[in-house]
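*Asks:* Sequence:
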Amino acid sequence: MKQWINERGNIEVDLFDIQNQEDRDQFVYWYLGLKRNVKKKIENAFYSCYCKGLVIKEHPIVKHEEHGITYIEVHPDDILQNIDTIKLYIERENHETTE
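Heads up: the sequence shown begins at 6 in our numbering, then just goes up one per residue.
Just so you know, these hints were derived from the structure itself, not from any lab.
Note that CB positions come from ideal geometry on N, CA and C, so glycine has one too.
Be aware that one or more of the hints could be misleading.
Okay, derived cross-link-like pairs now, DSBU-like style, lysine-lysine, Cα gap no bigger than 30 Å in a straight line [stated by the list, open to error]:
#: 1; residue 1: K45; residue 2: K92
#: 2; residue 1: K45; residue 2: K62
#: 3; residue 1: K92; residue 2: K7
#: 4; residue 1: K7; residue 2: K62
#: 5; residue 1: K46; residue 2: K7
Pairwise CB distance ranges, derived in the manner of DEER restraints [as the list claims (entries may be wrong)]:
#: 6; residue 1: L59; residue 2: L39; range: 18 to 24 Å
#: 7; residue 1: L37; residue 2: E98; range: 19 to 25 Å
#: 8; residue 1: R13; residue 2: Y76; range: 30 to 36 Å
Full structure from sequences and hints, please.
*Replies:* Dropping the structure here:
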């Protein structure tokens, strides 16, 4: 998993660059520590792909409600197993919103 400090002094992590077991372990560490808005984007991408039959799910998706809003939680192993599909979905989604 590539990590570097950019020209502004901020740490950047290529969260989707999973090459080996060490990267998988680092992904889980980083993923669990993500702020809710970032994790939500990844989990929503997974869920959208799941509803379209594009990803495999081995663990239950946890749904809970807060203040009338339904939130989902996806197991990190399911994210890891489908990381390339999720990355592609997010890239396409970002491309569509910038047009």
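*Asks:* Each hint: holds or not?
*Replies:* Right, here's what the structure says about each hint:
1. K45 to K92: Holds - the C-alpha atoms of K92 and K45 are around 14 Å apart, at most 30 Å.
2. K45 to K62: holds (17 Å)
3. K92 to K7: holds (15 Å)
4. K7 to K62: holds (26 Å)
5. K46 to K7: holds (21 Å)
6. L59 to L39: 18 to 24 Å: The hint (18 to 24 Å, Cβ to Cβ) holds, given that L59 and L39 are roughly 22 Å apart.
7. L37 to E98: 19 to 25 Å: 23 Å Cβ-Cβ, so the 19 to 25 Å window holds.
8. R13 to Y76: 30 to 36 Å: The hint (30 to 36 Å, Cβ to Cβ) holds, given that R13 and Y76 are roughly 32 Å apart.
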